[in-house]
Amino acid sequence: MRHRISRFLLTVFVMSAASFHRAEAADPDDRSAGEGWRLTWSDEFNGEALDLKNWSYELGGGGWGNQELQIYTANPENIRVENGSLVLQALYNGGGADGYNYTSSRILSLGKSAVQYGKIAARIKLPRGQGPWPAFWLLGENIQTVGWPECGEIDIMESGGYGGRDLITGAIHFKGETGYHSYFSKRASPSSGTSYDSYHTYEIEWDNKRVSWFMDGEKYFERPITGPYMRAFHKPFFLLLNLAVGGPDTPYTGRKSPDTTVFPQSMYVDWIRVYEKYPEDK
Numbered sequence: 257m258r259h260r261i262s263r264f265l266l267t268v269f270v271m272s273a274a275s276f277h278r279a280e281a282a283d284p285d286d287r288s289a290g291e292g293w294r295l296t297w298s299d300e301f302n303g304e305a306l307d308l309k310n311w312s313y314e315l316g317g318g319g320w321g322n323q324e325l326q327i328y329t330a331n332p333e334n335i336r337v338e339n340g341s342l343v344l345q346a347l348y349n350g351g352g353a354d355g356y357n358y359t360s361s362r363i364l365s366l367g368k369s370a371v372q373y374g375k376i377a378a379r380i381k382l383p384r385g386q387g388p389w390p391a392f393w394l395l396g397e398n399i400q401t402v403g404w405p406e407c408g409e410i411d412i413m414e415s416g417g418y419g420g421r422d423l424i425t426g427a428i429h430f431k432g433e434t435g436y437h438s439y440f441s442k443r444a445s446p447s448s449g450t451s452y453d454s455y456h457t458y459e460i461e462w463d464n465k466r467v468s469w470f471m472d473g474e475k476y477f478e479r480p481i482t483g484p485y486m487r488a489f490h491k492p493f494f495l496l497l498n499l500a501v502g503g504p505d506t507p508y509t510g511r512k513s514p515d516t517t518v519f520p521q522s523m524y525v526d527w528i529r530v531y532e533k534y535p536e537d538k
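Positions 257 to 538 (the numbering used here) are the ones given, in order, by the sequence shown.
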């Protein structure tokens, strides 16, 4: 989602006693991804609060390099676990939070769990309307040393409103041949008769040759990641979830002011699961 992260990690708020904890591997069970895949990590969001062994909050405002309008908080009205789902909620408050008109939340797994290759999937219910900008994405763990876009970015799913149209985007971002930001992306929509404000499964399959994007098990995009300018995609990445609010200076959301009447808006995450190929299938 966020190429454009000049402020990245300046405001990470780690509410955990351990400075580094790699989440324990999940036991394989009925959460199967199909033949040849083994579950290695998951968060089912079945507890009473966000599991801080898996996640950290990222806090603050300042636009995040995208001219976003929200300030990220760890407040329960913006992020909570309820009824077996993680809820990220964007609120309009008319300037009540440090001068920001909107509050929301963003979490990441940096320093706690990471993935290099495999299947990364989540079941998500998205908000609608002009302004909400949800994303489920990955960034290279080495972002703190090499910066963006050299660290690489994989957008598993993001959506920017699109004037009420049901569209999501999958993308990769990297440092290209010119030495500047390059990317490949493609948009997709849910199957006929459904909308993206119902639950859908968004996933990628990632190996040493390509990244493929799927919605509800249907592949809609694939990009090779071979060659010298794709080195970033052969290193560990960490996970992020966030619900931003785009504004009149935000290209991705159409450079339109948010429709304040649609708020509050929520992004519901039923589960996130990471699988690896069985050794004999790699």
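Keep in mind that the hints are not guaranteed to be accurate.
As the list claims (entries may be wrong) - Here are the simulated lysine-lysine pairs, DSBU-like style, with alpha carbons at most 35 Å apart:
(1) 309 / 475
(2) 309 / 381
(3) 533 / 512
(4) 512 / 442
As the list claims (entries may be wrong) - Restraint-style ranges between C-beta atoms, simulated for each label pair:
(5) 455 / 480: 40 to 50 Å
(6) 511 / 318: 13 to 23 Å
(7) 440 / 473: 36 to 46 Å
(8) 349 / 480: 40 to 50 Å
Derived from the structure by calculation, the hints contain no laboratory data.
Since the model is a prediction, treat every value here as computed from it, not as a measurement.
All residues carry an ideal CB built from backbone N, CA and C; glycine is no exception.
We went through each hint and held it up to the structure:
1. Of the supplied pair hints, the one linking residue 309 and residue 475 holds, its CA atoms being roughly 32 Å apart against a limit of 35 Å.
2. For the hint pairing residue 309 with residue 381, the CA-to-CA distance comes to about 24 Å; that is within 35 Å, so the pair holds.
3. Under the criterion of a C-alpha separation no larger than 35 Å, the hint pairing residue 533 with residue 512 is inconsistent with the structure, at around 43 Å.
4. Distance hint between residue 512 and residue 442 is fulfilled; the C-alpha atoms sit about 21 Å from each other, no more than 35 Å.
5. A beta carbon spacing of about 31 Å between residue 455 and residue 480 contradicts the range 40 to 50 Å that was offered as a hint.
6. Roughly 19 Å separates the CB atoms of residue 511 and residue 318, a value that falls within the hinted 13 to 23 Å.
7. About 22 Å separates the C-beta atoms of residue 440 and residue 473, a value inconsistent with the hinted range of 36 to 46 Å.
8. For the pair residue 349 and residue 480, the beta carbons lie near 45 Å from each other, so the given range of 40 to 50 Å is met.
Taken one by one, the earlier hints fail for this structure at numbers 3, 5, 7, listed in ascending order.
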